[in-house]
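Participant: Please dock the two separately framed chains into a single complex, following the hints provided.
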Amino acid sequence: MDNIAGKKSGLGWVVQISVIALVLLWLFPTVGLLVSSFRTADQISESGWWRALFPTQQNMTLRAADPDDEGAQALVGDLYVIEGNLFEEDTEATISVWGTSSRAIDAYKAGETAEMNDGEIITVQENGDYRWTSPEELSGRGQRVFVTATTPAEFTLSNYQRVLFSDDSTDSMANAFFNTLTVTIPATIIPIVIAAFAAYALAWMDFPGRAILIAMVVGLLVVPLQLALIPLLRLHLGIGIGKGYLGVWLAHTGFGLPLAIYLLRNYMVGLPKDIIENARVDGATDFQIFTKIILPLSFPALASFAIFQFLWTWNDLLVAKVFLIDATGETTVMTNQIVELLGTRGGNWEILATAAFVSIAVPLLVFFMMQKYLVRGLLAGSVK
Amino acid sequence: MEAAYKGILTIFLGVGGCLLYYYLSNQFLDKVLYPAKGEKAGQNINRANMIRPWLFILPAMLALGLYLAYPVVATLWYSLTDRNQGGAFIGLANYQQMMNEPKFWEAMRNNMLWLIIVPAASTAFGLLAAQLTDRIKWGSVAKSLIFMPMAISFVGAAVIFKLIYDTRPVDQAQIGVLNAVWLQFEGGIGSWLILRLLPALLMLCGAAISIYAAYGVFSAIREKGGAVLRSIAVIFLAFIGYSFLSLAAGAFTAVHEYGVPQNWLTIPGWNSFLLMVVLIWIQTGFAMVILSAALRGIPEETVEASIVDGANPFQVFFKIKIPQISGTIVVVWTTITLVVLKVFDVVFAMTNGQWETQVLANYMFDKLFRANDWGVGSASAMVIMLLVSPILIWNVYNARKEMK
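If you read the protein sequences in the order shown, they are chains A and B.
Under full-length UniProt numbering, the residues of the first sequence are numbered 1 to 384, in order.
Under full-length UniProt numbering, the residues of the second sequence are numbered 1 to 404, in order.
Here chain B stands alone, though its shape is the one from the complex (with noise of 0.2 Å):
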């Protein structure tokens, strides 16, 4: 109980403070500094009303530049500087011990699949029940239930599917599900469809989409210039499309261990995709309602009118309905995508990066605070920043055009 009573102590004091120096500074401002009355009260209100803003504002931009502005500058410094040598400006050194490590290669391949995987997925999955529950009587339950992991964890969300995942002897009674699921496979021509065809057919469709795309892109630079940022977007997605086609060769050949319990977290491959299904989870229910929201914003003539015109559901829903969302989708897919980045909480709980499951957060908290490495650390650090960045420039210039 000690405890509880130390903590609303603490508590009320940090409010409190908080609380305080808004209610003192204005005071002070207006009954101290300039008061309202007396022959200069005229001049003294409007001289109030000049520093008023700063008074107000004056908090939030010491936190905001001193807990978000300062640390990106610092942590290109430290990027840049050897703290064993007393901080002496080294250069690139730092990057360049980074891109020698096959750990860091490891954690930023991951970080593009899970960039490619997690959003689409989800974005996929909540346009999927954004569409469906909008239909139905009890659609806002339904939509509560699955919108509900966005109120979990991550750690909580890694304990919950590291049961789903879990492993016991042969022997044993298997508690996992995924186990228990498996074991029910027996290498018939079922588990042929279901463990080869399948995921195989799945990847070579994300093989096609992303060379399609590619395609897309490489025909836009003939026809409408941009060479360089084009081909950049080429070469990533033609990696992409590569990264697939490996996938569904690897899928369609791998040799199953039917009867056995496998270890999911430790099957290089799959593990990374087991961890990524915890993120779709979670980010699945944030996806729908943002996108139930758009799909209700849509004009009712629009689709009333291509009813009438003769249109099927399907057709009614992709050429009509996405592309009067499109602009939501975007920003739903960058929104996931910023969470991707950052994710750390469900690699270190489940493997802490082991087995071929490393991504650049985890990574980089591995250099801090394990290796003691901040040089490395800060270099990895920036980028994850790099990669945000686009987003960051994109954001900034569309709230800019907004204000005009």
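In isolation and in its complexed conformation, chain A is listed as follows (with noise of 0.2 Å):
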């Protein structure tokens, strides 16, 4: 359409790269706490997670073996010698350069020998091997050794292994997960259930009342749910329902009634008429053309409808703050765990970018998925 006269748009290069910058504009918070829930504290705190993919340069003091240490040098010849290498963890670090002191770091590079008093000698090579001799015995501690070493891009599996399956219960998310899907799972099929026959009553049957009760629902979509929140929860302490599972399940399922009951009316109103009056002709009942007729061809609305509500109770903090969670904190979903990390945890990244990512792995992959019904269920939601 844009070379309708036969030239070619020369915005078309413009396009692409306003595109490609804006897409990783977007992208670039997600991949940022990505990359850091599969790098260690230390790595996080050093540098910068866009560095994580080229190896890191850092300064490290670390000292030979103490020479007291039983075995720890050995007579060769006429020298004692101590043998080793200076980190302690295998690592795939490399040295460039370093010193035996910490006013000159930077004195030999790697492979030279650096003499000391006494005739003591330390050579240190790159992957961190030493030889220390000296003409007499070695007494005290170990040689410190200042080095500086680049460690290539590293990651790790050890946060999500901390998070998913310790027994930590501050850092483990594993039961705020079981719990999350508990909330989750009935309050997205609840109201679809109730929302579909009060959808199909409004839709197809006649009965006093029907548009007020369409107008409501109307006007009901757009009530703050924050406003709920004092006189339910009076109601459920008063009632005997309390803080838990039921209580939350039937807040949910009141606030995602109107969207369900509107989208789905929606839907369901524009289903070939002729078809439903068959049935009716043919004997059957209004619930058996529901469940045999209506309900399979609404399947696009059910799904788009089951998206929104699943991505907004699994999403959801204050609904389970206030309904859900009493004092003993048994019952926490990982929103309000992941609240509870920043406070606790505001500096260990490395944790709160894993507790993070864990939480929203179940929507993303939801969203990949089922794309099209999302759209689908937001442009009848919205653009009607």
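These are computed hints drawn from the structure, not numbers from a lab.
Since we're looking at a predicted model, the values are computed, not measured.
Even for Gly, the Cβ is constructed at its ideal location relative to N, Cα and C.
It cannot be assumed that every hint is accurate.
The following label-pair restraints were derived from C-beta to C-beta distances [what the hints assert, rightly or not]: (1) A/ASP106 x B/VAL260: 53 to 59 Å; (2) A/GLY209 x B/LYS31: 23 to 29 Å; (3) B/VAL330 x A/LEU365: 44 to 50 Å; (4) B/CYS205 x A/GLY209: 46 to 52 Å.
Facilitator: This is the structure we're talking about:
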């Protein structure tokens, strides 16, 4: 359409580049979280995550083995020798420069030999291997070595291990994960069932007051759920539901219903009238028509709303905080646990990032798998 | 694992109970109460069909009435009573107390800023993204990537952006992107252009637009009347324009500490904008999806005709396409406005209303569950309801019109 007159639009490249920039800008924050969740605490605090793909350079103070340790030094010829590796754990770090004094930490290159007092000499290799010799018996603590080491990019799954499978009650998300599921699944299915029946009645059954009910649903669509918090909490406490799963399901059902009824009714009204009337003539009751004809035909609308409600309940914090989570905190959901982690582990980005990613992984999966229905629902819900 | 089993059992009971109601109640109606056989079969069927709609709709009505309609009335009542005096009616005392709190006005002011900036920015970005992605081959991939934040919870987004705004002491490496970028500025001409001129110009644009809109409404008073509503709108718009002007002055004269990492979320003024960025990031995808569908719905003939008449791409976009999707833009705008009015999680998780970032929803939560002041909490909930009600009335009005 743009080259309708036979000339190519000169804006083509500009558009391509702007879209790439826009997409990168929108992805950048999430990618940061994802990358951080695969890094260790040390890596996170030493460099920004955007450097994670490149090697990091850092200054470290390391120490040779203590000569006083049993079997640390050996007498080779007339020299006392201590050999070993400066790095305590296996790493792939490589040392570029090093020194024996904090004032000159880059005095020697890797592989060079430093001479110290009393004829002691020490050689440090790139991989951290050292050889420390002295004509007299060595004593005291091990020689300090200041190194500048380059660590290659490295990623770890240990954060996920800790967040998902450890028994640590503050860090573990496993319990919260199941709680979130327990909230989400019924809170998605129950409103769909209730709304589907109501939507059918509002779309295809004739009874007095129908128009007013539809207007009411549209009006309730925008009532902020903030208003419902105190009265409903009082109600729940009053009739003995208290704080718990039942209460949070009911609350989510109530808050999700207007949109559900609205979406489903709009869809059902558009179904062909002939099918329903033929079925009626053949003697089917409304219940049979609904379960055998309308429900299967309304699958796309049901799926759209299901995704909405699933995303909304999974991501919800306010309703869970008010209606579900009691003083014991056993029924905490993931969003709440993350907020608590923000308080207690504000600086531990490896835990925070991993916990957050665990909680957003499921919605993202659902999103990418069912995007078609989500978009359809959005369009039906707002453009009408 | 025990939690999982318990969860499955509870799920089963909850969902099963709900399904059972519909099945059993309909069975009861057809088989026991008015069986469709015997001598009165015809009459029975008619009666059953009169009752059935109510069987279908009763649970929904109960839930809606109890969970949405009743709370509106109850909250209104709580806002007029005092819990400590055994629920005695105290008139508007709660509202008065609320009005006297500076925190409330801070929340109001911030909410107004949110209400203007977030819908405007999300719609603008969404329109831009929709228009751009419609023209390229991999547009659908780009769209789903921009749309993706929609699936991320506000809390998750808060963590994501806290990482971006993170601050480390001066001598450590900065792991927050914003500070890493900030440290690149050293106070030269580039810094002056980007950090003073650009924000000041942006704010001046905002001021110009709102003052122009106020002028438009003002001249409408003389031509069309409707003085009361329109003068409220003028005052409102003028206030917005004034806020933009003072922000512009602030941005231009602000003293920046170059080379020093900033605690972004604790700087009053800036931090609210940084929180808004989170919501804009989430809502842009929504705006893009809806607007992109609307753009595709534009009849091709209108676009073709304008190109034949020699319109350039910008003219096609602004003069042909935008006017045709203005209805959808309004819908997107109002939908995002509703989200903004209820914004709670982002502020709660990132600053909890400290450092002058309070918004109404969080103020209300604070009053309800931390100060335990139900009267003022309900009063602030009613303020949110009041702000929502124009949209509510407009929606109902449109729905009624559509049904006829």
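Participant: Compare the structure with each hint and give your call.
Facilitator: We went through each hint and held it up to the structure:
Distance hint for A/ASP106 and B/VAL260: a CB-CB separation of about 28 Å, inconsistent with the stated range 53 to 59 Å. Checking the proposed 23 to 29 Å range against A/GLY209 and B/LYS31 shows it holds: the Cβ atoms sit about 27 Å from each other. Separation of B/VAL330 from A/LEU365 is about 34 Å and departs from the stated range, judged on CB atoms against 44 to 50 Å. Between B/CYS205 and A/GLY209 the beta carbons are some 50 Å apart, a value that agrees with the proposed interval 46 to 52 Å.
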